[in-house]
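Please model the entire structure based on the sequences and the hints provided.
So the protein sequences, as listed, match chains A and B. Residue numbering for the first sequence follows this note's numbering, beginning at 43 and increasing consecutively. Residue numbering for the second sequence follows this note's numbering, beginning at 157 and increasing consecutively.
Heads up, none of these hints are tricks.
The calculated DMTMM-like cross-link candidates involving lysine to aspartate or glutamate, where the alpha carbons are at most 25 Å apart (straight line), are:
no., chain 1, residue 1, chain 2, residue 2
1, B, 345, B, 486
2, B, 399, A, 283
3, B, 399, A, 274
The hints are simulated quantities; they were obtained by calculation from the structure and are not laboratory data. Keep in mind that this is a model prediction, so the values were computed, not measured.
Okay, here's what each chain looks like letter by letter:
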Amino acid sequence: MSVDEAHDGHSFGPNPSPRIVMMGLRRGGKSSICQVMFHNMQPLDTLYIESTTAPTTSVFSSFIDFAVMELPGQINFTEAMIDAERIFSSCGALIYVIDSQDEYINSLANLHSIILHAVNANPNINIEVFIHKVDGLSEDFRLDAQRDITQRVTDELLDDGLVNVSISFHLTSIFDHSIYEAFSRVVQKLIPQLATLENLLNVLCQHSGIEKAFLFDIGSKIFVATDSSPMDIPTYEICTDFIDITVDMNNIYAVDRRPKPVTRNDANTNNGTVNIANQLESIPQGRPIGSTSRLSNGVILYLQQMVKGLALVCLMRKESMPKIALVEYNIEFFRDALEQLWLIG
Amino acid sequence: MAGARRKLLLMGRSGSGKSSMRSIIFSNYSAFDTRRLGATIDVEHSHLRFLGNMTLNLWDCGGQDAYMDHYFSTQRDNIFRMVEALIFVFDVESKELRKDIETFVLCLRNLYEFSPTAKIFALVHKMDLVIVEKRQDVYRALMKSLEDTSAMFSFQVQGFATTIWDESLYKAWSSIVCTLIPNVTVFQKHLQTFADISEADEVILFEKTTFLVISHVTTARSPGFRSDSTRFEKISNIIKQYKQSCSKLRAQFQSLSLRGSDCTAYLDTMTANTMIMVIMSNKTDRRGSTDLLGNNEINGDGDDSFASEAENNIILANIKIARKMFEKIEMMNPDDR
Chain A
43 MSVDEAHDGH SFGPNPSPRI VMMGLRRGGK SSICQVMFHN MQPLDTLYIE
93 STTAPTTSVF SSFIDFAVME LPGQINFTEA MIDAERIFSS CGALIYVIDS
143 QDEYINSLAN LHSIILHAVN ANPNINIEVF IHKVDGLSED FRLDAQRDIT
193 QRVTDELLDD GLVNVSISFH LTSIFDHSIY EAFSRVVQKL IPQLATLENL
243 LNVLCQHSGI EKAFLFDIGS KIFVATDSSP MDIPTYEICT DFIDITVDMN
293 NIYAVDRRPK PVTRNDANTN NGTVNIANQL ESIPQGRPIG STSRLSNGVI
343 LYLQQMVKGL ALVCLMRKES MPKIALVEYN IEFFRDALEQ LWLIG
Chain B
157 MAGARRKLLL MGRSGSGKSS MRSIIFSNYS AFDTRRLGAT IDVEHSHLRF
207 LGNMTLNLWD CGGQDAYMDH YFSTQRDNIF RMVEALIFVF DVESKELRKD
257 IETFVLCLRN LYEFSPTAKI FALVHKMDLV IVEKRQDVYR ALMKSLEDTS
307 AMFSFQVQGF ATTIWDESLY KAWSSIVCTL IPNVTVFQKH LQTFADISEA
357 DEVILFEKTT FLVISHVTTA RSPGFRSDST RFEKISNIIK QYKQSCSKLR
407 AQFQSLSLRG SDCTAYLDTM TANTMIMVIM SNKTDRRGST DLLGNNEING
457 DGDDSFASEA ENNIILANIK IARKMFEKIE MMNPDDR
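Printed below as a string of C-alpha cells:
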C-alpha cells in the first residue's frame, strides 16, 4: 500500500475510485485520524498537528483504491457549496467527526445541513458519524452521548422528510482500536466484493476448523472482511497487535530492499516516543510473511500474507494444529480466489 | 541448593527515572504507563526471581534529598552492605550535574567501605530529550568524569545511554543482569552447542518474565544472514509488547513461529524461566544459489532456500531435547562451573 498526499485546491483529480470525505467542525480530530491511520503517526504526537487550511487528500491503494479527503473545519460552508456538491456526487461515504468532549449542538446543526446537501447530490451516500474523543468519557457517558446524538440527528432528518438516509454512528478514539474498527466498517460498506469475501471466509472457516478469520489491510490495520461468526473487540485487538509484531520481527532480519530505509525503531524519530509502529513500505518483498503463535488458553493465532498488502489472520484452537497442513492447503485456495477477485475487480 | 541472592542498589537523584525503569523491565508497565508513578518513599524493595536459582533483590532508593541524607548517615550500614551491583541513574537534563556526581562519589565511598567487590553501572537516562547529534558527546563527557571518579576508588564503571522510549533500556538491563548470573558461561557454552547442532544462524536465550537477553550465539553461517546491531533489544521490546497484548485476552503466549521474508524464526519456551529464539535465514543470498555443499545451482523460485518443513520440525525436536539440559543448568549450584 502506498500513501500519497496531495494538497488539492478546489479541483479534484479524475480518479474514479471510491472516495471518503471527512468533515466536521475545526479541532474535531479529522487530521489526527488520518495521520494515525494512514501515516502511522503515534496518537500522542497528534497534539502537534497544525490546523488544516486546505482540503487534503490521502490516496491509498491496496486491495481497493481509496481516497480520503479531509475538508478543513473552518471552511465557510455556504461559500463552498458548489464544490461540495461535486465532491459528494463522486463519493461513497461521508464521515462526520464530532468532538464528544465539547458542546456538540453546533456540530449537529452543521451536520444536518451537510446531510441535506450530500443526499441531494448523491442519494446513495453513506453517512458515518464518528463520535470522537470518547477516551475522555466514562462508559455510561459514552452511551448517553451516542444515544443523544443518534436521537437528535434522526429526529431532525425525520422532520425534513428524509427517511432513506443511510446513517451510522460510531464511538471512536485514536487512543485505542475503536477508530480502526469504525473505519473498517465504513470501508466495508464501500467494497463491492464484500459479500464474496465474506462468503469465501465462511467457507474457509467451516472447512478448516478456524474459529474466526479476518482479512486485514496490513498497513492501516483496517479489516476488509470477516466471517459471520460473532466478533468481539479483544479478538480484533489482538489480531492487529499480532500483525504489528510479525512485521516488526520480520523487519529485524529482513534484507533491505528499499531504496531508503524507513525504520521506525531508530532513535532518530521525532520526540523519541514509543516506536512500535510499522509502515507498509517497510515490508520487504521476499516470500510472503506468515506467523503462528500458540497462546496458553489453547488459542492459535495464524497469520498469512495474501495479495496486495492484505493478510489473513485466523484464530484456531490447538486441536487444529495436527491438521495444519490441510488448513494451509485450504488457505492456498483462498489466496487463489483473492487473486482472481482482484484481477476481475 | 542455595539460591543466589543478588542485592542491587538502584540510586540516583529524585525524578531521574529509577522507578519508571524498574516498572517497565520488571513489572510490565508500558513506557506510557510510567507517567502515573509518584515519588518513591524511602526504599522500595522488589524481590524478583530470575532464572529459578537466583533472586534479584532490587533496592529502589528514593532520590529526594531527605532520603539521600539518611542513606549516607544513619542507614549506611544497611544500604551499602553486601551489594552485588550499584546502578546509578543520571538524568541527562539535570541542572545540578555537579551535585549528582558528588552523590555518586559518596555512594562509591560507602561501597568501597562495605562492598568493595560491587560492580558499578551508570545509566545516562532520558536520552530522548537530547538531540540526536549531541547524544554521543553528552554521553562521553559524562562518562569521562564518572570513569575518573570511579578509578579513584579502583572501581570500573560501565555506562549505558538509555531512554524508556526505545529499546536501549533493554540493552542496558540485559547487560547488567548478565553480569550477575553466576553461570552465564555455562549457558553460553551449551547455547553454542545447540546452535551448531541445529545449524541455526542465531540463537538467543531470554528470561521469561522480563525478556532480558541472558545469552546469545551468532554463527551467521548462511550467506543470507543480515542483522541489525540493536536487534536484541528490539526483540525484547517487541515481545514484551506482545505479552501485554496477550494479557488483555487473559492468556500468555507460549510460542511464536515466524516465516519471514528472509528468515525463519522460532520462539519457544525452553525452561520454566527461559525462552529460546532460533533464527535461520535464507540459505542463499540473492545473487545465485549455493547449496550447503557449495555447489552452484541455477536459482529456482527461491523456495528451496528456506528452511523446509522437515527442518522446522527438527528444530522443535531439538528444543525439546535441549530442555532437560538447560533445566539442569538453571538448577545448578551457582558455584559450580
